[in-house]
Amino acid sequence: MREDISINVRRSQLGRARGVGAGHSGVGHWRTERITSIALVPLTLWFIYAMLHLVGASQPGVAAWVSNPINATLLLVLIAITFQHMHLGLQVICEDYVANKWQMALMILGAKAASLVLGLLASIAVLKLALT
Amino acid sequence: MKDVRDALMVAYTSDGKTVRRPLSPHLQIYAPQITSILSIMNRVTGIALSVGTLLLVWWLVAAASGPGAFATVQGFVASPVGLFVLFGWTASLFFHFFNGIRHLAWDAGFGFDLPQTYASGWAVVIATAVSSVLVWAVGLWLL
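Chains as they are written, first to last, in the numbering used here: chain A, 1 to 132; chain B, 1001 to 1143.
Same shape as in the complex, but just chain A:
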């Protein structure tokens, strides 16, 4: 390696820390996407097992299964983490492929709003089955 080559970045360490990189948001998005995906590994395996358990089940059968506190809790955790992972993933897709920044912002907000509403709807359905 040549020692006489150096890159002079005209930026203080504080400026680098404040700017939190080119995206101006630091590693929060990237890190949360990874943490949620790690959590979804066991949750997905449980979900597949649960769906196989419920194959052909009637509505009272599903209601009885969800009324088990462990199943209800795991369903709620699965719903929360799935929709969080989903809006983070959709955000990256919008950022990468939508050229118009206003359209991009609207699509990201739409993905986040849809994730929030669908997640709440699914959670309330689980709570109703679990608590009645």
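Just to be clear, a hint being listed does not mean it is correct.
[As the list claims (entries may be wrong)] Pulled a few chain A residues facing chain B out of the computed Cβ check, cut under 7 Å:
1) Ser37
2) Thr44
3) Val55
4) Gln59
5) Met86
6) Gly89
7) Leu118
8) Leu121
9) Ala122
10) Ala125
11) Lys128
Hints listed in this document are in silico derivations from the structure and should not be mistaken for laboratory results. Don't be surprised by glycine CBs; every beta carbon is placed ideally from N, CA and C.
Take the given structure of chain A and dock chain B to it, following the hints.
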């Protein structure tokens, strides 16, 4: 010139002629490779699963609403279109699951060599196919 960005594409040859700078090849020029195909498939299955959450939410809301609404969902799922959607949903879930683990391994610094990347890619494809068929075989056997 329709776009200001076109101004950046103008150049001169050594004999002074004005030319358009060459563009990098468009996507369809590149030969498909397992690496690039699986990369885009991760996003495609991610979008498919996002749309697929509608089915999960519908199923949960119907179960919470009562036997009538639940029978409507079960009727849709058992229809040819419903079965097709559900199988696509299963395959997308397994692909995103296995390829997600592959991505987590890369994030941790493992499997970056090209032969390893190709091997893990084919492993994802085979695991997706086997798991999807196996889960459906078990599901239909339980039915």
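Comparing the hints with the structure gives:
1. Ser37: Cβ of A/Ser37 sits 5 Å from chain B, so the hint holds.
2. Thr44: holds, 5 Å
3. Val55: holds, 5 Å
4. Gln59: holds, 4 Å
5. Met86: holds, 5 Å
6. Gly89: holds, 5 Å
7. Leu118: holds, 5 Å
8. Leu121: With a closest approach of 6 Å, the A/Leu121 hint holds.
9. Ala122: holds, 5 Å
10. Ala125: Hint holds; A/Ala125 Cβ to chain B Cβ min 4 Å, cut 7 Å.
11. Lys128: The hint holds - A/Lys128 has a Cβ within 7 Å of chain B, the shortest such distance being about 4 Å.
Taken one by one, the earlier hints all hold for this structure without exception.
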